[in-house]
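Top line first, the protein sequences correspond to chains A and B. For the record, in the first sequence the residue sitting at position 79 is 657 according to the working numbering, with numbers rising by one throughout. For the record, in the second sequence the residue sitting at position 86 is 96 according to the working numbering, with numbers rising by one throughout.
Just so you know, not all the hints are guaranteed correct.
[Claimed, not checked] Simulated restraints on C-beta separations:
1. Ser-662(A) - Gly-51(B): 20 to 28 Å
2. His-121(B) - Pro-661(A): 19 to 27 Å
3. Leu-619(A) - Gly-72(B): 36 to 44 Å
4. Pro-639(A) - Thr-40(B): 43 to 51 Å
5. Ala-630(A) - Gln-81(B): 19 to 27 Å
6. His-20(B) - Pro-586(A): 28 to 36 Å
7. Thr-598(A) - Thr-40(B): 20 to 28 Å
8. Thr-655(A) - His-92(B): 29 to 37 Å
9. His-121(B) - Glu-637(A): 43 to 51 Å
10. Pro-639(A) - Ala-39(B): 41 to 49 Å
11. Ser-62(B) - Thr-691(A): 37 to 45 Å
The hints are simulated quantities; they were obtained by calculation from the structure and are not laboratory data. This one's a predicted model, so the numbers in the text were calculated from it and none came from an experiment. Beta carbons are placed, not taken as given, at the ideal position from N, Cα and C, and that holds for glycine.
Residues per chain, in single letters:
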Amino acid sequence: TAGITQAPTSQILAAGRSMTLRCTQDMRHNAMYWYRQDLGLGLRLIHYSNTAGTTGKGEVPDGYSVSRANTDDFPLTLASAVPSQTSVYFCASSDQTSGSMDTQYFGPGTRLTVL
Amino acid sequence: AQSVTQPDIHITVSEGASLELRCNYSYGATPYLFWYVQSPGQGLQLLLKYFSGDTLVQGIKGFEAEFKRSQSSFNLRKPSVHWSDAAEYFCAPFAGSGGGADGLTFGKGTHLIIQP
Chain A
579 TAGITQAPTS QILAAGRSMT LRCTQDMRHN AMYWYRQDLG LGLRLIHYSN
629 TAGTTGKGEV PDGYSVSRAN TDDFPLTLAS AVPSQTSVYF CASSDQTSGS
679 MDTQYFGPGT RLTVL
Chain B
11 AQSVTQPDIH ITVSEGASLE LRCNYSYGAT PYLFWYVQSP GQGLQLLLKY
61 FSGDTLVQGI KGFEAEFKRS QSSFNLRKPS VHWSDAAEYF CAPFAGSGGG
111 ADGLTFGKGT HLIIQP
């Protein structure tokens, strides 16, 4: 199975422009997440979704929005990009139906540079 | 406040030598505990996890970790490292409420370098 796919692999974006990072999973997991990874800071949670139709804010949500129209897709949108959003973005999913935290599966990441 | 610490930013080990990566957490209750590995240019892969029960957990690639409640630690070990183990390692506790899907809290990572 493909697991989690992310697109694009990398992108250079002018400051002030908008962009949507795509994430799709084929594992029918109910929960999905977006993290950003920055050198020396590890991974920080941006937004998450427990199930289709619901979303929540993570540690660093400002400047980002998400939607969860269905189980498989969880796009991340930057409405007006700024250079501090230069980062590597990882999408992840997990099966939360048991009511406990289970393994998160990660996509390959999107490397975004905002100039 | 809840926190996780990986005290070692970089560790250099000779191939064939043993390895221990440290992880300490500060939570009100015992969290679920995970170790993930990230190879260069790749996403994260689960090495092992601890939920309850036996405090010595076996994972993939010959790794193991021991949960020590008294020390609030969950250190990762491997008896003999291979050059392919060179990667970034992340400890990640989770202490959300039942059914909570508010993500993991990741340590800042330990970069493992393998010397030939």
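A quick look at each hint next to the structure:
no., hint, in the structure
1, Ser-662(A) - Gly-51(B): 20 to 28 Å, "holds (23 Å)"
2, His-121(B) - Pro-661(A): 19 to 27 Å, "holds (25 Å)"
3, Leu-619(A) - Gly-72(B): 36 to 44 Å, "violated (29 Å)"
4, Pro-639(A) - Thr-40(B): 43 to 51 Å, "violated (28 Å)"
5, Ala-630(A) - Gln-81(B): 19 to 27 Å, "violated (41 Å)"
6, His-20(B) - Pro-586(A): 28 to 36 Å, "holds (31 Å)"
7, Thr-598(A) - Thr-40(B): 20 to 28 Å, "violated (39 Å)"
8, Thr-655(A) - His-92(B): 29 to 37 Å, "violated (41 Å)"
9, His-121(B) - Glu-637(A): 43 to 51 Å, "violated (22 Å)"
10, Pro-639(A) - Ala-39(B): 41 to 49 Å, "violated (26 Å)"
11, Ser-62(B) - Thr-691(A): 37 to 45 Å, "holds (43 Å)"
Violated hints, listed in ascending order, are 3, 4, 5, 7, 8, 9 and 10; each of the other numbered hints is respected by the structure.
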